[in-house]
Amino acid sequence: MTRVIKYIFYDLLRTRFIILYTAFLLLSTFAMFQIDSDSGKVVLSLLNVVLMVVPLISVVFTTIHFFNSYEFIELMLAQPVNRKSIFLSEYISVAVSLCGAYVIGIGVPALLFGADATIITLLFTGIILTLVFVSLAFLSSVLTRDKAKAIGIALLFWFYFSLIYDGLLLWVVYSFSDYPLDKITLTLIAFNPVDLARIIMLLQLDISALMGYTGAFYKEFFGSNLGAILSFSILMIWVILPLSIAMRIFSRKDL
Amino acid sequence: MISFININKKFGKLQVLNDVNLDVFASKSYALIGPNGSGKTTLIKSLLGLVVPTSGEILFDDKSIFNDWKYREKIGYMPQIGRYPENISIGQLIDMMKNIRSHNDKVDEELIDAFKLYKIYDKKMHSLSGGTRQKVSAALAFLFNAPVLILDEPTAGLDPLAVEILKEKIISEKTKGKLLLITSHVLNDLDELTTDVVYIFEGKLQYNNTIEALKDETNEKRLGKAIATLIKQKELMDSITE
Numbered sequence: 012m013t014r015v016i017k018y019i020f021y022d023l024l025r026t027r028f029i030i031l032y033t034a035f036l037l038l039s040t041f042a043m044f045q046i047d048s049d050s051g052k053v054v055l056s057l058l059n060v061v062l063m064v065v066p067l068i069s070v071v072f073t074t075i076h077f078f079n080s081y082e083f084i085e086l087m088l089a090q091p092v093n094r095k096s097i098f099l100s101e102y103i104s105v106a107v108s109l110c111g112a113y114v115i116g117i118g119v120p121a122l123l124f125g126a127d128a129t130i131i132t133l134l135f136t137g138i139i140l141t142l143v144f145v146s147l148a149f150l151s152s153v154l155t156r157d158k159a160k161a162i163g164i165a166l167l168f169w170f171y172f173s174l175i176y177d178g179l180l181l182w183v184v185y186s187f188s189d190y191p192l193d194k195i196t197l198t199l200i201a202f203n204p205v206d207l208a209r210i211i212m213l214l215q216l217d218i219s220a221l222m223g224y225t226g227a228f229y230k231e232f233f234g235s236n237l238g239a240i241l242s243f244s245i246l247m248i249w250v251i252l253p254l255s256i257a258m259r260i261f262s263r264k265d266l
Numbered sequence: 014m015i016s017f018i019n020i021n022k023k024f025g026k027l028q029v030l031n032d033v034n035l036d037v038f039a040s041k042s043y044a045l046i047g048p049n050g051s052g053k054t055t056l057i058k059s060l061l062g063l064v065v066p067t068s069g070e071i072l073f074d075d076k077s078i079f080n081d082w083k084y085r086e087k088i089g090y091m092p093q094i095g096r097y098p099e100n101i102s103i104g105q106l107i108d109m110m111k112n113i114r115s116h117n118d119k120v121d122e123e124l125i126d127a128f129k130l131y132k133i134y135d136k137k138m139h140s141l142s143g144g145t146r147q148k149v150s151a152a153l154a155f156l157f158n159a160p161v162l163i164l165d166e167p168t169a170g171l172d173p174l175a176v177e178i179l180k181e182k183i184i185s186e187k188t189k190g191k192l193l194l195i196t197s198h199v200l201n202d203l204d205e206l207t208t209d210v211v212y213i214f215e216g217k218l219q220y221n222n223t224i225e226a227l228k229d230e231t232n233e234k235r236l237g238k239a240i241a242t243l244i245k246q247k248e249l250m251d252s253i254t255e
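Chain order of the listed sequences is B and V.
For the first sequence, this note's numbering assigns the number 12 to the initial residue and increments by one for each residue that follows.
For the second sequence, this note's numbering assigns the number 14 to the initial residue and increments by one for each residue that follows.
Do not rely on the hints blindly, as some may be mistaken.
Said to hold, decoys possible - Simulated crosslink set (SDA-like; lysine to any residue; CA at most 25 Å straight-line):
1) V:K41 x V:K187
2) B:K17 x V:M138
3) B:K17 x V:K187
4) V:K87 x B:S262
5) B:K158 x V:K83
6) B:K17 x V:K41
7) B:K264 x V:K129
8) V:K83 x B:Q90
9) B:K158 x V:S16
10) V:K76 x V:Q105
11) B:K158 x V:K111
12) B:K160 x V:S16
13) V:K111 x B:K160
14) V:K76 x B:R156
Hints are computed from structural coordinates only; laboratory data are not their basis.
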């Protein structure tokens, strides 16, 4: 398995995309630190990058990579190599290189300009979001044989979790605003990894007071150890569930 | 050595393999023949685990290949259309395959030498012609001394010199007691290379016997004629039963 991973890594690095992605993150983080010296504000600006760009890059890059390495996968499957280990090798290589790019791109400038707890949380949520969207992209890649269709499905995941879901949530909150909705919204948020990551971050930034009573309620829930463990495990489910479904489909797929 | 038991495969509504039962044994060489789209490649791919049959079972050395992968160590496969990572060179590809298939036996680089592939080791895969690609496929199939060799249209696209080299290699492997499964439309080639005929038509196994028996049955001296007579006889039988 390590040999297969080695070859996939080699292939990934040669496309130079990962290097470009790292450079982009480095540049934007440096720029934001230059504009503002308050690290809290910088993290808030970076948060928007993390919540929109990281999932987008993750889904598009993963799907394109999967279809570009179709020949490699086909070649490997005729060899004495386990199907599951090929699939996991693909996942590990893509996830590690995207996470690596992210950690270097955000982490290095943060270290230079002084890191604090919020940056650590930002790094952590970014990594988890990358893992979640790489899983979703693998799922969309094994669902169809057509590259364009797979990218379409992957983008749909991104649209849904970044834009559509929030709209639906707002609509629910607005139309049922006469009822106590704290717990229901809290549950609904668990169904969207992007929202979950956003709330974990916002509470770190101590601006939850701006959200009024609900903010206080969230703070009480997510700030507690139990809440942290729970939100972390929900995010882990978001990583593992699409990945295991994708692996199940892949292990019975005709090539 | 390898048994296909009641293999069915459907792609959507299309029934590609229809209740195929076939046993193949070591130190024999099988010619897998049938018209285009009759299911030869699907049968081969299901043996390799690239295609999962809708129902039925395949046994390799009496063990089911479902969810197994170790048995592929014993198979050398030359695909009909060799698809390889496009941006690596021939040398890197061969090194990679050696690396992935770690094993104790010595590798068999006879074909690499015979095809003079070492001269173009740093050529990228995407720049190769169809014939050169086919040579690489052949070299890779024979590289690991596998006891089972599956060759899907091995001579298609090769120049006459390369065809002769490959045929010699196949015959020498045959005499070493390996199991060979060869599909081809060039029946004259098969006459020299194989001992048995397996005829597939529309996903069904129609005939499975030695070449000698087929020639006796049809009173023909050449395999090509014998097959043609066999097909005609089948058609006649079908028209009577209908």
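### Query
Between K158 (chain B) and K83 (chain V), does the CA-CA distance stay at or below 25 Å?
Violated. K158 (chain B) to K83 (chain V) sits at ~31 Å, over the 25 Å cutoff.
### Query
Hey, K158 (chain B) versus K111 (chain V), does the alpha-carbon distance stay inside 25 Å?
Outside the cut-off at roughly 30 Å; violated.
### Task
Compare the distance between the alpha carbons of K87 (chain V) and S262 (chain B) with 25 Å, and conclude whether the hinted pair is satisfied.
Answer holds: K87 (chain V) to S262 (chain B) is near 21 Å, not above 25 Å.
### Message
For a C-alpha distance cap of 25 Å, please report whether K111 (chain V) and K160 (chain B) respect it.
### Response
This hinted pair is violated, its Cα atoms lying about 35 Å apart.
### Agreement of K41 (chain V) and K187 (chain V) with the hint, judged by alpha carbon distance not exceeding 25 Å
holds (7 Å)
### Message
Run the distance test for K76 (chain V) versus Q105 (chain V): straight-line Cα separation, threshold 25 Å.
### Response
violated (34 Å)
### Query
Does the structure keep K264 (chain B) and K129 (chain V) at a Cα separation of 25 Å or less?
violated (37 Å)
### Query
Are the Cα atoms of K17 (chain B) and K41 (chain V) separated by 25 Å or less?
Measuring from Cα to Cα gives roughly 39 Å; hence the hint is violated.
### Message
Need the status of pair K158 (chain B), S16 (chain V): alpha-carbon distance at most 25 Å?
### Response
violated (36 Å)
### Query
Is the hinted pair K17 (chain B) and M138 (chain V) satisfied, with a Cα-Cα distance of at most 25 Å?
Since the Cα atoms of K17 (chain B) and M138 (chain V) sit roughly 19 Å apart, the hinted pair holds (cutoff 25 Å).
### Task
Could you grab the alpha-carbon distance between K160 (chain B) and S16 (chain V) and see if it respects the 25 Å cut-off?
violated (38 Å)
### Message
Checking one constraint from the list: CA of K17 (chain B) to CA of K187 (chain V), max 25 Å. Satisfied?
### Response
violated (36 Å)
Checked against the numbered hints given earlier, this structure breaks hints 3, 5, 6, 7, 9, 10, 11, 12, 13, 14; the rest are met.
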